[in-house]
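Protein sequences, first through last, are from chains A and B. With our numbering applied, the first sequence covers 1353 to 1731. With our numbering applied, the second sequence covers 1353 to 1731.
Keep in mind that the hints were calculated from the coordinates and are not lab data. Possibly wrong hints are sitting among the right ones.
The list cannot tell twin chains apart, which means a pair is met if one copy fits it or any two copies do.
[To be verified] Subject to a maximum C-alpha distance of 20 Å in a straight line, what follows is the list of computed SDA-like cross-link-like pairs (lysine to any residue):
| # | residue 1 | residue 2 |
| --- | --- | --- |
| 1 | K1498 | Y1375 |
| 2 | K1498 | G1359 |
| 3 | K1498 | P1548 |
| 4 | K1498 | D1364 |
| 5 | K1498 | G1528 |
| 6 | K1683 | R1424 |
All of these numbers come straight from a predicted model, not from anything done at the bench.
What follows is each chain in one-letter form.
Number of protein chains: 2
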Amino acid sequence: MRITVVGDAPQDLEAALREGLGYDLLLVSGGLGPTHDDRTIELLARAAGVPLHLDDELRAAIEVLSRRVAERLRRPYGDFAEGVAKQATLPDGASWVGLVGTAPAVVFAHDDGLVVALPGPPRELQALWPRVLETEALQALLRRAKPPDRRVLRFYGVSESAVARSLAAAGGDGDGVDVTICAREFELHVDLFVEPGASARAEAIEAQLVADNERFLFAQEEVGTAELVLGLLRERGLTLATAESCTGGLVAARLTDVPGASDVFAGSIVAYADEVKAAQLGVPETVLAEHGAVSAETAAAMANGARERLGVDVAVSVTGVAGPGGGTEAKPVGLVHLHAAGPAGERALQLDFPADRETIRSRAAVAALHLVRQLVTDP
Amino acid sequence: MRITVVGDAPQDLEAALREGLGYDLLLVSGGLGPTHDDRTIELLARAAGVPLHLDDELRAAIEVLSRRVAERLRRPYGDFAEGVAKQATLPDGASWVGLVGTAPAVVFAHDDGLVVALPGPPRELQALWPRVLETEALQALLRRAKPPDRRVLRFYGVSESAVARSLAAAGGDGDGVDVTICAREFELHVDLFVEPGASARAEAIEAQLVADNERFLFAQEEVGTAELVLGLLRERGLTLATAESCTGGLVAARLTDVPGASDVFAGSIVAYADEVKAAQLGVPETVLAEHGAVSAETAAAMANGARERLGVDVAVSVTGVAGPGGGTEAKPVGLVHLHAAGPAGERALQLDFPADRETIRSRAAVAALHLVRQLVTDP
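Sequences and hints are given; from them, build the entire structure.
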C-alpha cells in the first residue's frame, strides 16, 4: 500500500500515475475539475497509453447540473460550457459511475489492474465511492484480495511505552499479526491486523494488552469518542451540556458533529469573557476574584451553572490557559481545569501539559469527553 | 516536489526513503518513536548504506525527559529505558538538532542532498523545524534554491469557473506564472507562483482576476477568515458573540482558535435544543411555533438575543438542518438561515445546498464569518 500526494505540476503527477498503474488498484482523487490545472484524466490516459474521447452522455449529464449552478449564480451557461466539455472527456475504455458535483467517478482497466479516479471534494468522493464499490470490476478485484482481519483497542491516559511493553511481553508482533500503536491526544489507538490463520496469536496479544492496561481501555471497536459518550448518555436517558472557556465551543462542536446528537446534547454556554461566566453561568464574582477564571473552583461553578441554567442532567466545563500569551508562573500555558457534574456525583480533573494552543485545546476537548464518560460509567 | 505517505510496513517505507534520497532535500516525519513500529532511522540508514550508532549525549538528553514523564505517570524508569536507547540511535554522520518530546530532529548529508527526519507529533515537528532551518546545512541548501514569488487572492462566493475564465482572458498561466485555484467551502483560494522575471505577467493576471471578481475579493494575503474577521472588529473596537444551533459551537471554536481572540470574542450560546433558544436567547415561543427553529425569524431573534444577553456589539446566528435526518420537503437538509446584527444594521443570509453533515456545518460556519465581515465592512 502506498499513498502519494503530488501537486498540479504535470511531470510530478504523471510520474506518480505511471507508478500507480503498476499496482492492482490505483485510486486517484482530485484533478477532475473544470479548470486548466485539473489534469488527472489527461495524464492518466497518457500514462496508460490510451487516447481520450468526449463522452456525450456524460456531457449531457454534467450540463444539466451546470445549468442549475449557472442559474443559481445568475451567470450565463456559456461561462461553463468549456469546463463541462473538459469534465466529460474520458480515456478510451473508461466508464463513469455516478455524478454528485460536476466531476464523475471514472473506472477503467489497465493491464491486470484497475484504475479509479474520484473527484477531490470530500463530499463528492464519499458519495461516489460506494457506487464504485458496487461495480463488477471492483467486486472482481476484491474477490481476489484477502484482507486481513482487524482488531481495535482504544485506551485513554496510558503511555505509549507501557503498551509497547505489554506488546513485547506478548511476544511482539509478526507471525501474521501486525500491530500499530498511535498516540492521539491522550488516547492511544492500537490496531491489530491479523492474517488468516493467526487469530489465536492475535487473541493472545489482545488479551495481554487488555490485562495490563484494563483501567485505561475504553473501547474495543472503531468509534469516535464523542459518539461513544453520547451513546452512554442516551442508554441512561441523560442529557448533556457544556460550559467552555479555553476550548471556546470545541467540545460542543465535536458532540454536534455526531448525527442525532440532539436527543442528548442540549447546548453550551461558551463563556470566553469573565462577564459571561458570571452572567450566563452564575459563577460568583467572589470565586472569580479569589481563585481566578482558571481554577478548580471556577470550573466547578461553570459545570453546575450550566447544569442548572440549561436544565440538563450532566454538564462538563473547561477553563484553562491555551496560550500562547496569558500564562503566569502560578498559572502557566497548558494549565486546564475540567469539571463534570451529574445526578450521581461530580468529577474534577486538572491538566498541566505545556503545548501549542491547538494541542492544548484539542487535548482539553478530548479530556472533557472522557471526564463525562468516567462520570457516567464509574460515578 | 513530491509527498509520499506510507504505512509502517518496512518494505514500503524503505522504498519511499530510497526514492526520496534522490532529491536535493528529503524531509521525513514520523517513525521516530520508542516503539517497534517506528522504523524511520533504521531504514534511512539502510537506504543510505550507512551503519547506526548509539549517541550518548542524545541518550542522556532523552533520559532526562523520560524520567520526568515516568515520574508524572508514576511508573518505573525501567519501562522507558529500551525506548530511550532506540530513540538515541542515529545513522553515522547524522547530527541531532533539538528535542521537544523524546524524539530528536535528525539532519544528515547524503551524496549531494540533505536528509531531515522530524518527529510526527505536530507540536514537536513545528517546534523543531525552525531549529532545523537555522542549521548551516539547510541554509546552504536554501542559498542554492530560487523559490518562486507567491501572490495570493482570496474570494468568497464566486464560482471556480468564473475565475478560470478570468484567468483564460488574461492569457492563462505559463510563461513563468503557475496558477492554482482551490475551492474551499464557499471560498476560492487562488495562488500565483511567479518565477524570477515574470512579475509583470503575474501583475497583469492578478489585475484581471481582481477586476472581474472584485466584489468577491476579501483578501490579498494568506490569512485565516476567523483571524481576518477578528481583526476587522478589533480595528473598529467592536465585540462579538455567536448564537449557534446547527453549527453547535463550530463558529465559536474557529474564532477562539485564533490567539488573542478574547479581546473581541465574548462567548457563545450554543442553543441546540429549542428550550435553550427560548430560555437563553429569548427567542419568543410564538416565533418558534409559527416559523420553526430553522427560519429567518428565529435566526434574527437568536442574533439579537445573543447581542443583548451577552452584551456585545455584534452577534451572528446560525440555524439549519445539518442532516442526515430531520429534513422535510419545506425545510430540506442543507437549508441554513444566518443572521448578523450590529450597531449599524443587520444582514440575513439563507443557504440551500444539500450536502453531508460535515460539509453543511463547515460551510455554514464559513458563511457566518463572512456575514460578520460584510456587516462590518459594508453595513
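Going down the list of hints, with the structure as the test:
no. : hint          : result
1   : K1498 x Y1375 : within (16 Å within a copy, 36 Å between copies)
2   : K1498 x G1359 : between (33 Å within a copy, 18 Å between copies)
3   : K1498 x P1548 : within (8 Å within a copy, 52 Å between copies)
4   : K1498 x D1364 : between (32 Å within a copy, 19 Å between copies)
5   : K1498 x G1528 : within (13 Å within a copy, 49 Å between copies)
6   : K1683 x R1424 : between (53 Å within a copy, 18 Å between copies)
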